[in-house]
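Q: Next come the chains, spelled out residue by residue.
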Amino acid sequence: MSTVAAERTLSERVAEIARDVIGPAAADVDAKARFPHEAFAALKEIGAMSALVPVEEGGWGASLAEVGRATEELGRYCASTAMIFAMHQIQAACLVRHGRSPVFADLRRRLVEEQLLLASATTELGIGGDVRTSSCAVETVGDRYRLEKNAPVISYALHADAIFVTARATPDSPPSDQVLTVCLKEDLQLEPTSEWDTLGFRGTCSPGFVLRSEGPLTHVLDDPYGDMSARTMLPVSHSLWGHVWLGIADAAVETARRFVRKAARSKPGTTPPGALRLVEVVTQHQQLAELVHGAAARFDSVADDDDVLTSVGFAIAMNNVKLSASTLVIDIVTKSLLVVGIAGYREDGPFAMGRLVRDAYGGALMVNNDRIAGNTAQLLLVHKD
Amino acid sequence: MSDTSTIVRTVLEEHGRLAVPVTGLDDATDLYAAGLTSHASVNVMLALEDAFDVEFPERLLKKATFGSLGAIVEAVDEIRVDA
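Heads up: the sequence lines are chains A and B, in that order.
Take 1 as the starting number for the first sequence in my numbering and just add one per residue.
Take 1001 as the starting number for the second sequence in my numbering and just add one per residue.
If you are wondering where the hints come from, they were derived from the structure by calculation, not from laboratory data.
Some hints could be false.
Said to hold, decoys possible - Computed list of lysine-lysine pairs in DSSO-like fashion (alpha-carbon distance at most 30 angstroms, straight line):
id, chain 1, residue 1, chain 2, residue 2
1, A, LYS267, B, LYS1063
2, A, LYS267, B, LYS1062
3, A, LYS262, B, LYS1062
4, B, LYS1063, A, LYS262
5, A, LYS32, A, LYS335
Bound-form chain A, shown alone (with noise of 0.2 angstroms):
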């Protein structure tokens, strides 16, 4: 690596390839629902698949707060690529500071050697897509573990180089004792059992699949998946996912100013009628900015204290972030078409918003606000603060 460009940081790297690369590609992986090839080429040459992996085993050693960055550059020009982006880092977070035996410092070690492309299955079909409870179990036969899971949705499967599993811990156990399983490529078949064709996110190729693994008994994490997801899996996912709105609004926002500033330039001296829509805009915007940013600082700041990461108040405030930020998006990008007008209602055109508008819609549906809300209100019955 040259010097100059070990001054650079992540996130600068990763905003020169979405501006030069992912931008360009954006409008034929959504027109195509088709996996983001360029975007994630690229980004591999920057070693960013390690984003979180340790500086001394040979990844960026980058804070949430930096991975967070780059995520929202990346939002800006492709929503599907930095949705990608986010869940794959979610996953590498979770192997970063959970995988302790040699099996995942060997993993972590591929990670940042051939920069695997890390997914999940979490929701089940007939649990009705709450994370925290599985039907599945992990059988253990002899050394090896066995699995089977029928996931209505697996984001970017058939691209991925492993998939992290939710399972009960052994077929005897209840529900809610869940294990992550490390299921690498060749030891997974996929049976598609549905299309992936959606309003928004399109890029992402999220189908259905029966998923069946049999592997090492070694690929399952030791920490039990409620442990993981209170300490890694909500901070980081809710974190990282505002961040991915974020750069969908940051785009809308952006779209809106130089609409305005065009109108204002042909008639200088009159306001255009946009220009006190767009303050209420900017107004949302900066809100939204500041509490995405502040919950990967947050996070940043206590991501070693486990009696904060565990606590009631805690996993509240990452789900207001969750809730917030996900319908701020919607605000401030259906209040940008509004400026913008029918010129953003077009599909074509330097200020087409179509994209924009559908991928704005996804995040208050995945993992949705009203099972969020509800978790919320459980916990607000024990909580004090």
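Given the structure of chain A, go ahead and fit chain B onto it with the hints provided.
A: What follows is chain B alone, placed relative to chain A:
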């Protein structure tokens, strides 16, 4: 007089709301002393962006950029070279 300078003078005459005619000003005259307000300078900038099909970058959005005809011409030429 350069093309840029001619257009800048036209824009300033139209949007600058100066207390004196632009024709009487030389390139170094202090425009703020000649009656340019910050509100009018925004309109001058917008009109210049339209006339030259450029965008003033954040770093040029300061009082000094619109301090004199010469300063404005210099800024516009600089943006057009960058574009």
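Q: Could you run down the list of hints and mark each one as holding or not?
A: Going down the list of hints, with the structure as the test:
Of the pairs offered as hints, the one joining A/LYS267 and B/LYS1063 holds, with about 22 angstroms between alpha carbons and a cut-off of 30 angstroms not exceeded. Only pairs whose Cα atoms come within 30 angstroms are accepted, and A/LYS267 paired with B/LYS1062 is accepted, the gap being roughly 22 angstroms. Proximity of A/LYS262 to B/LYS1062 is assessed by CA-CA distance (about 20 angstroms); at most 30 angstroms being required, the pair is judged to hold. Among the hinted pairs, B/LYS1063 with A/LYS262 is consistent with the structure: their alpha-carbon atoms are about 22 angstroms apart, no more than 30 angstroms.
Using a Cα cut-off of 30 angstroms, the hinted pair A/LYS32 and A/LYS335 holds, with the two alpha carbons roughly 27 angstroms apart.
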